[in-house]
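*Asks:* Protein chains in written order, with the numbering used here: chain B, 1 to 404; chain G, 1 to 404.
Treat the hints with caution; some may be incorrect.
No copy is singled out in the list; a pair is fine if it fits within one copy or between any two copies.
Below, a list of computed lysine to aspartate or glutamate pairs in the EDC-like style, where the Cα atoms sit at most 20 Å apart [to be verified]:
#, residue 1, residue 2
1, Lys13, Asp257
2, Lys13, Glu256
3, Lys291, Glu139
4, Lys27, Asp153
5, Lys286, Glu84
6, Lys219, Glu92
7, Lys219, Asp73
Since the hints were derived computationally from the structure, they do not count as laboratory data.
No experiment lies behind these values; they were computed from the predicted model shown.
Protein chains: 2
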Amino acid sequence: MDFRFSDSLRNMKPSEIRELLKYASTKGFISFGGGMPNPASFPMEDLRKIMEDVLSDYGSLALQYGNTVGLNDLRTEIKRLVKETENISSSESEIIVTSGSQQGLYELAKIFVNPGDTVITEEPTYIGAISAFDANLAEMHSIPIDDNGIKTDLVEAEVKKLISQNKKPKFIYIIPTFQNPTGITLSLERRKHLVEISSRYEIPLVEDNPYGELRYSGKKIASLRSLDPSGQVIYMGTFSKVMCPGLRMGYTIGPEDFIAKANLLKQALDLSSSTFSQYVAWLYLKRDIIKKQIPKTIELYRKKRDTMLTALEQHFPEGSTWSKPDGGMFLWASVDKKINTTDMLKDAVREGVAYVSGNAFSPARVQGNSMRLNFTFSGENEILTGIERLAGLIEKKLTVSPPS
Amino acid sequence: MDFRFSDSLRNMKPSEIRELLKYASTKGFISFGGGMPNPASFPMEDLRKIMEDVLSDYGSLALQYGNTVGLNDLRTEIKRLVKETENISSSESEIIVTSGSQQGLYELAKIFVNPGDTVITEEPTYIGAISAFDANLAEMHSIPIDDNGIKTDLVEAEVKKLISQNKKPKFIYIIPTFQNPTGITLSLERRKHLVEISSRYEIPLVEDNPYGELRYSGKKIASLRSLDPSGQVIYMGTFSKVMCPGLRMGYTIGPEDFIAKANLLKQALDLSSSTFSQYVAWLYLKRDIIKKQIPKTIELYRKKRDTMLTALEQHFPEGSTWSKPDGGMFLWASVDKKINTTDMLKDAVREGVAYVSGNAFSPARVQGNSMRLNFTFSGENEILTGIERLAGLIEKKLTVSPPS
């Protein structure tokens, strides 16, 4: 095994980590670092009822080993869900249930990548995707994003270049909607371009969509898979942000031969995902509880997003920029290039606030002055205080070493 | 990705599989094939109460993302459990929670094995271990077992040979107690020899112990890890057979540096195991419910084992042999060498009974006339009927082509 640590603590000494963890567990510490949904968004009472019913009505099945590919009834409900929410047509045989969508990412890399093979990602991209691709020794080629998402002209240029070097990418991995870490949404035009590139060069296109349902403003944009008439796009979804993460339920939709390989690999990975969790997710969909839960979560998170945007506007020093996401859980702030956000993190933690530094999300390690800020976990007062603390620290750094 | 299908259906055409599945779903069909515990062994009412309490008292934590390495309180209880049951000393930092022990097997292979590296296993061995080792392109060297378990003199000879070829094994993988698939238990003397071999040649020894608590006769034998004063043995356990499989809870105990790597890899595999399942397992241990549950399961399974042994004695043709397990879930039957149990499976299914054919468990593919019979899932009448059906089929095959 030979892969990089991909979190922002990787260069710290154990003693330093221990010191920082002590700060982080102090009362009043504010973390914008985690990728955690707010527990207030968990449908606690509904889950209590569902779990009771699962044990009463399906107990001996729900506590037993299950199919590796996933509970048939759940796959039928997932089919209905993605049709209703993302206009995705699929059949049960194109769906596999995964232990969180993280497992889908690992499977993706394990199935397509031999050591040294190339893949294309956004720059920056999801930290868990970097882990999964790293663990399978993929060579990541990351393409910059702007306010409209990944620059697809650069994707096409990179694809051509790699093909000319006999290093054709094994897949293109995209989080098109409210991207993690930036919160940015890919424009319709660029989505169409990606589908075109995928088809023209015969490179699988992978759409990871954990946040799509959490839209607070703006208009819905068609999913990549719904734009691809050939049904070749591999689509990944999760229950972590629209039910809860603790049951570890995700799914992958893709061509039947890919799903067959994913099923075979899953036998080696964990035999099957929790049968109990699958029954719970099934009833959560079947009873349409998801439909009343999502609007509540949107209400909760929209206010938090607005609070953080306002606080940034009020407190962050000139020269800083940040994304204005229409949904999801994160925004992306960049500060003066003089500041290294990985170094600054230690001071931030001592000041009582945390974020994840930009390079944790950067296959090319070019995000040294950026940070990901989660706005869904903290309370609104905490968001205000946390941004003030962070702004104060940045100002202090800039005073010591004036803006470049 | 390039690994073998490792189940006994791998050479069948889809149409053939469909036909057999039709038989298998008929009323009255008896399967000795699965590795499933009997649902009557699930602590249903206790789990109902525990789940209620988890939601009431720890809901917002239990439904949230958790530590990758596992819930601290659960690891403390696992430490207590293995001390009490297997006299294993450990600390929390030597324990990682896994999504079933299958994930532990995958991690083991991924961490130690580069493509083509050698590992040593029993011949036959657990099908899920073969999947996990295959998926990481390990070269398996399987060593025969007899009634006292793996022949450790042959293990040592193989180790020497491989070292002389500059192919030193990356680990030795053993299921010492009520082995899957044979039900055989490794003698104390040979256990000591294995620990010696592991220490002398500096090869990690891996002890997989899913069934250890399910003893129906005979005296307990010390675990490999308890026999190793250096604490280098990697020990794998699971809740699947002493609580239920559907929550997918397992654990690995090993040296801290191994656990650190397993933790890093688990970030890529699934971020964390179900937090909810972990809270349930924690209370199951903490409240000592496991201690009242195991004796019930033993009572239930002992009768089933005895029923199957009696039925084999009565019905199986001369020339057949089978193991007489002191515990666990399986026994291993071998019939006349003329009979290929993979071929015979199709006829067996048509006759209304299933097993897993020997070669599914055989890295060397030398178990063509053997089969694994599960005795825990079926009712006692089903066991009698199923063995009669199987015996009748074997007789028929031998009549067509007389014993060799």
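*Asks:* Would you mind marking each hint as holding or not holding in the structure?
*Replies:* For each hint, the structure was consulted:
no.: 1; hint: Lys13 to Asp257; in the structure: between (45 Å within a copy, 15 Å between copies)
no.: 2; hint: Lys13 to Glu256; in the structure: between (46 Å within a copy, 17 Å between copies)
no.: 3; hint: Lys291 to Glu139; in the structure: neither (40 Å within a copy, 50 Å between copies)
no.: 4; hint: Lys27 to Asp153; in the structure: neither (48 Å within a copy, 59 Å between copies)
no.: 5; hint: Lys286 to Glu84; in the structure: within (13 Å within a copy, 44 Å between copies)
no.: 6; hint: Lys219 to Glu92; in the structure: neither (29 Å within a copy, 49 Å between copies)
no.: 7; hint: Lys219 to Asp73; in the structure: neither (32 Å within a copy, 45 Å between copies)
In summary, the numbered hints that this structure violates are 3, 4, 6 and 7.
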